[in-house]
Amino acid sequence: MFDRRHFLAGATLAGLAAPAILRAEGGIFREFPFSLGVAAGDPASDGFVIWTRLAPEPMERHGGMPLANFPVDWEVASDTGFRDVVAKGTELARPELGHSVHVEVTGLQPDRPYYYRFTAGGERSLRGRARTLPRVGAPTEALKFGVCGCQHFEAGFFGAYRHLAREDLAFVYHYGDFIYEYSQDYLFDAGLPTRPVRKHAFRNLIDLGDFRLAYAQQLGDIDLQAARCTHAFLSSFDDHEIRNDWVSDIDNWKLGLDGNDPDAAPPEVFMLKKQAAMQAWYEHMPVRRSMLPRGGMVALNRELRYGDLMAMQLLDTRQYRDDQPCEDGFKPACPGVYDKKAEVLGKAQEDWLNRNLGEGGATWNTLAQQVTMMSLDRRRRPDEPKKILNLDSWAGYEAPRERMLSRFGGLKNVVVLTGDEHQNFCGDLVRQDKVVGAEFVATSISSGGDGSDKRSGTDDWLKLNPELKFANDQRGYVVCEVGREAWQTHFMVVDKVTTPVNTLSKRATGVVENGVAGIKMA
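The sequence shown begins at 0 in numbering that gives the first Met the number 0 and counts up by one.
Simulated from the structure, these hints should not be mistaken for laboratory data.
Any given hint could be a false lead.
[As the list claims (entries may be wrong)] If you anchor each label on the Cβ, the simulated ranges turn out as follows:
| # | residue 1 | residue 2 | range |
| --- | --- | --- | --- |
| 1 | Ile205 | Glu484 | 49 to 55 Å |
| 2 | Pro109 | Lys198 | 40 to 46 Å |
| 3 | Glu95 | Pro381 | 55 to 61 Å |
| 4 | Pro465 | Asp494 | 27 to 33 Å |
[Unchecked claim] Here are the simulated lysine-lysine pairs, DSBU-like style, with alpha carbons at most 30 Å apart:
| # | residue 1 | residue 2 |
| --- | --- | --- |
| 5 | Lys198 | Lys495 |
| 6 | Lys433 | Lys519 |
| 7 | Lys330 | Lys433 |
| 8 | Lys411 | Lys340 |
| 9 | Lys330 | Lys411 |
| 10 | Lys411 | Lys346 |
| 11 | Lys386 | Lys462 |
| 12 | Lys433 | Lys386 |
| 13 | Lys433 | Lys453 |
| 14 | Lys385 | Lys330 |
| 15 | Lys495 | Lys433 |
| 16 | Lys143 | Lys385 |
| 17 | Lys495 | Lys519 |
| 18 | Lys495 | Lys411 |
| 19 | Lys433 | Lys385 |
| 20 | Lys340 | Lys143 |
| 21 | Lys519 | Lys386 |
| 22 | Lys330 | Lys340 |
| 23 | Lys453 | Lys340 |
| 24 | Lys411 | Lys143 |
| 25 | Lys495 | Lys453 |
| 26 | Lys468 | Lys505 |
| 27 | Lys505 | Lys495 |
| 28 | Lys143 | Lys198 |
| 29 | Lys462 | Lys433 |
Ideal Cβ placement from N, Cα and C applies to all residues, glycine included.
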């Protein structure tokens, strides 16, 4: 398994890892053990999590590692040259967790950048960078952070991540769909078949080994590694980490004219698959040990407070949600949409959210979550007679959506951040003709392919939904600039994802002024 190679030419990002990464003399790994990169996440005012996974042969069983614990040294410094090391230690990479390492670093100074790296078997990792947060409640005038997600490996290259890596950000919120659980033989452009730009190493994902393979292939992408080694990530998950449109213990992949899939797993079997999927997710995300899966469940929801400027609630809209009404999909409303017993967050999480929102102490109240909260009419053709809803969004659950909007009515400066839709749009959250918040929906990194400025029927869609302020069908990410007087959301788009290198531009900016209801487009 192990022998000697001469060196690895390090892929670089300006200022972070300019020198090539030389192979150590006498190294025991046949290939570079840090092939999946490094990452940081869940920042706090005194530290953050740093992550890596030993995988010298990432596409092989167990990543090419022996089935034994392996020591990994780590260090954190205040400078890029690691002359001032402020924290260090050794962590065991365990085979039970895919030889992943999660170090919860503490004792650091607030609101400043730090640099970290790992060493194992005489080999040294790429250098990473992460910022700590200001102290909770500390006077804070400005914040800039990113939002991204939905990165289908076969649909496009991840060039948007290289642009994201070059942004000056405090952190990045990743809303989910880090992997996709299936392989496609065809994609479609304007209704015509095209070939995927690159292929998954699998047809479908069933067990832990399958899911580890999917993450390993995904994290081999150097543009994704560039973003993860530059910014601390707030990691979430949506549906494609397991199965399209799953909720709770329900395998929700709907096929056929009757809306049912005879091959869908029963709940007790689906939960076995979910346990494997969530373990693999944990093994590859820079998250705290509190998010280690237990019985297939992950304690995903948590709060981030950025000084006295922003309180962000990170929500879980999958694990505690009732099944979608009307057999899911984009359909007219049915009685199930108005079920007063239906849940999106589940009672415990909803109570937790209400307590946090009631604490105050921040200029901006932010919810970071997965599926659209606006109840939008999804018709884009004049021959569709009835209002159509996305039943996998909050629109399929009118009672909990009404409770949420009612809660917003008692707050100021509510901003909801969303993904899932593979397009950019934003609009006002309206209850009884009163604007109670703003929602910004971020597009995908690659899912959906190149796209275009507008989907067919977008102008009609905007007319049907006066709360919508903007819509766009390109790939990219979102940058949020938050200040005392205003919140600005910049929709950053790339011209194409079917080539590895692309061009970035700012497509539009949505602005919410402090204390003023409604989004204005700049």
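Quick rundown of the hints versus the structure:
{"no.": "1", "hint": "Ile205 - Glu484: 49 to 55 Å", "result": "52 Å, holds"}
{"no.": "2", "hint": "Pro109 - Lys198: 40 to 46 Å", "result": "45 Å, holds"}
{"no.": "3", "hint": "Glu95 - Pro381: 55 to 61 Å", "result": "57 Å, holds"}
{"no.": "4", "hint": "Pro465 - Asp494: 27 to 33 Å", "result": "30 Å, holds"}
{"no.": "5", "hint": "Lys198 - Lys495", "result": "18 Å, holds"}
{"no.": "6", "hint": "Lys433 - Lys519", "result": "16 Å, holds"}
{"no.": "7", "hint": "Lys330 - Lys433", "result": "26 Å, holds"}
{"no.": "8", "hint": "Lys411 - Lys340", "result": "28 Å, holds"}
{"no.": "9", "hint": "Lys330 - Lys411", "result": "33 Å, violated"}
{"no.": "10", "hint": "Lys411 - Lys346", "result": "23 Å, holds"}
{"no.": "11", "hint": "Lys386 - Lys462", "result": "13 Å, holds"}
{"no.": "12", "hint": "Lys433 - Lys386", "result": "21 Å, holds"}
{"no.": "13", "hint": "Lys433 - Lys453", "result": "28 Å, holds"}
{"no.": "14", "hint": "Lys385 - Lys330", "result": "9 Å, holds"}
{"no.": "15", "hint": "Lys495 - Lys433", "result": "39 Å, violated"}
{"no.": "16", "hint": "Lys143 - Lys385", "result": "41 Å, violated"}
{"no.": "17", "hint": "Lys495 - Lys519", "result": "27 Å, holds"}
{"no.": "18", "hint": "Lys495 - Lys411", "result": "38 Å, violated"}
{"no.": "19", "hint": "Lys433 - Lys385", "result": "25 Å, holds"}
{"no.": "20", "hint": "Lys340 - Lys143", "result": "38 Å, violated"}
{"no.": "21", "hint": "Lys519 - Lys386", "result": "26 Å, holds"}
{"no.": "22", "hint": "Lys330 - Lys340", "result": "21 Å, holds"}
{"no.": "23", "hint": "Lys453 - Lys340", "result": "37 Å, violated"}
{"no.": "24", "hint": "Lys411 - Lys143", "result": "20 Å, holds"}
{"no.": "25", "hint": "Lys495 - Lys453", "result": "14 Å, holds"}
{"no.": "26", "hint": "Lys468 - Lys505", "result": "16 Å, holds"}
{"no.": "27", "hint": "Lys505 - Lys495", "result": "14 Å, holds"}
{"no.": "28", "hint": "Lys143 - Lys198", "result": "35 Å, violated"}
{"no.": "29", "hint": "Lys462 - Lys433", "result": "19 Å, holds"}
Hints 9, 15, 16, 18, 20, 23 and 28, counting from the list given before, are not met by this structure.
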